[in-house]
Structures are given as structure tokens and as C-alpha cells.
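Engineer: Sequence:
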Amino acid sequence: MSQTSIPPLLQTRGLIKTHHGEGGPVHAVRGVDLTVRPGEFVAVTGPSGAGKSTLLHLLGGLQRPDSGSVRLDGEATEGYSEARWAVERRRSIGIVFQFFNLVSSLSVADNVELPALLAGTPTKQARAERERLLAELGLTAKARSMPGELSGGEQQRVALARALVNQPRLLLADEPAGSLDSKGTREVMRLLTRFHQRGQTIVLVTHDARLASAADRVISFFDGRVTDDADLDEGASSSRSVGPASVVELQD
Numbered sequence: 001m002s003q004t005s006i007p008p009l010l011q012t013r014g015l016i017k018t019h020h021g022e023g024g025p026v027h028a029v030r031g032v033d034l035t036v037r038p039g040e041f042v043a044v045t046g047p048s049g050a051g052k053s054t055l056l057h058l059l060g061g062l063q064r065p066d067s068g069s070v071r072l073d074g075e076a077t078e079g080y081s082e083a084r085w086a087v088e089r090r091r092s093i094g095i096v097f098q099f100f101n102l103v104s105s106l107s108v109a110d111n112v113e114l115p116a117l118l119a120g121t122p123t124k125q126a127r128a129e130r131e132r133l134l135a136e137l138g139l140t141a142k143a144r145s146m147p148g149e150l151s152g153g154e155q156q157r158v159a160l161a162r163a164l165v166n167q168p169r170l171l172l173a174d175e176p177a178g179s180l181d182s183k184g185t186r187e188v189m190r191l192l193t194r195f196h197q198r199g200q201t202i203v204l205v206t207h208d209a210r211l212a213s214a215a216d217r218v219i220s221f222f223d224g225r226v227t228d229d230a231d232l233d234e235g236a237s238s239s240r241s242v243g244p245a246s247v248v249e250l251q252d
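According to my numbering, the stretch in the sequence shown is residues 1 to 252, in order.
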């Protein structure tokens, strides 16, 4: 089966989002069509203010579009309530943020385990998955530490473990190395690559070319629109420019 014949995991059509503030309207996302298939690692790159983070928030239900649609596994989400989106984020969508968003009053172990418990996972199973992830990410010795006692790179690894504890179908990462030094950036890149190689679907927003190079598909985003979509295949790439109303599809 060719990649293009695999049903999309995530699909948007005509996605529009405008922010309204004292300085007037800001057209953050302008008619974006996007298709992401299972197992893809897609990096969305572009300058600050291009609308990348807004796009990611729309994909994860953290914001609602003004118009257009988001479909998960072929299911329309327009009718999702906030509670339904919260369930999807617990069970199917893991999210990693630039500033970690860890619960400062909970230990590392409890931060990682919490999403599993909220999703209804039995305590024994949640603990086993937590311990597996902490071991894989080199954090076992930090399990009882508080987030404030960790370095930035360690906090981001905890955030990644928390996002993956429920084995989500989709991982969304919003500038996950934006607060890290070069060493931390390399570590995040290595971990994302490792999980992608195991089949994890990832959509990454970044302005860092090093992180983007870990993806197998890179989308350029500017002024709220997709301006280019390139598939990277063992060092070779195929690229085509797309207009604001064009469908973004994975190429063979």
C-alpha cells in the first residue's frame, strides 16, 4: 500500500483563525489545508509570528477555528465540546510545550503518571508505563524530584514522557527546544527521532533547522499560510510550493 492510500490520521480543510486585540485583527491561520498520515514526522517551520503555534493549538483543540474543519481519524471535530477535546488529549493526542507546563507541586513521577490516571488507566498499569518511560529517558533517579529541581533539558524530557504515557496516536510538539541550550536541543531531536522510528506520528512546530531536519516532511509556514511542502527521503527531497487554497498531501 502506498503512503497516499493510507487514510489520514489528521486532516484540515480551509482552517482560519483570527486573533482580535487592541492593535486590530491578526490573521494567524489563513485557509490551511493539511493532511498527516499515520507514522509521519512533519515539521512546520517559519519565523516568529507566522502562526505556527496557533495552527498546532487548533490541531489539538486548544483553540477553536473561526471556520474550516479538523478531522481526526476521519471524524469531524466541529461538534466536540471542551470536555470531549480534553478526553482526546488524554487518550489520543500528546502535547509538548516550549515551557514544559509541568505541575510544580507534583513530583516527576506524579507528573508523568497523572495523564494516565485521568484517562482511566488502572494504577498498576499507569505506574508501569511511567517507570518504563522514565527509565528510557534517563530520569529514573529523578522520579521523586520536583520540577523546579531539574534542568531545562530534564524538564522537557519529563514533559515528553508525560505526553507519551498514554501511547497517543498523535504527538504535537510546540517549539519543544525553544527554551533549551544546544545540548538540550540535540537530546530532544534524538528522542523525537527514536519515537518516530517506532511509528509515532509527530507534528512539530519549530524555527530551529536542526530539529526540522529530523522530520521526514517539512512544511514552510509564513503569514498564516503553507508556502512549501517538502518530503525528505534519505537525503533527497521533493518540494512544491502551495497556494493558500491548495491541499497539502504527502508525496510518494
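Read the hints as simulated data drawn from the structure, not as lab findings. You may find that some hints are simply not true.
What the hints assert, rightly or not - Just the calculated beta-carbon pair ranges, DEER-fashion:
1. E22 with S145: 33 to 43 Å
2. F99 with H19: 36 to 46 Å
3. E22 with D73: 36 to 46 Å
4. E75 with S48: 29 to 39 Å
Beta carbons: idealized from backbone N, C-alpha and C, even for Gly.
Engineer: Take the hints in turn and mark each one as holding or not.
Structural biologist: Tested hints:
The hint said 33 to 43 Å for the Cβ distance between E22 and S145, and at roughly 41 Å that hint holds. Range check, F99 to H19: Cβ separation about 20 Å, and the 36 to 46 Å hint is violated. Remark: the range hint 36 to 46 Å for E22 to D73 is upheld by a beta-carbon distance near 39 Å. The beta-carbon spacing between E75 and S48, approximately 33 Å, falls within the hinted interval of 29 to 39 Å.
Checked against the numbered hints given earlier, the structure breaks only hint 2 and satisfies all the rest.
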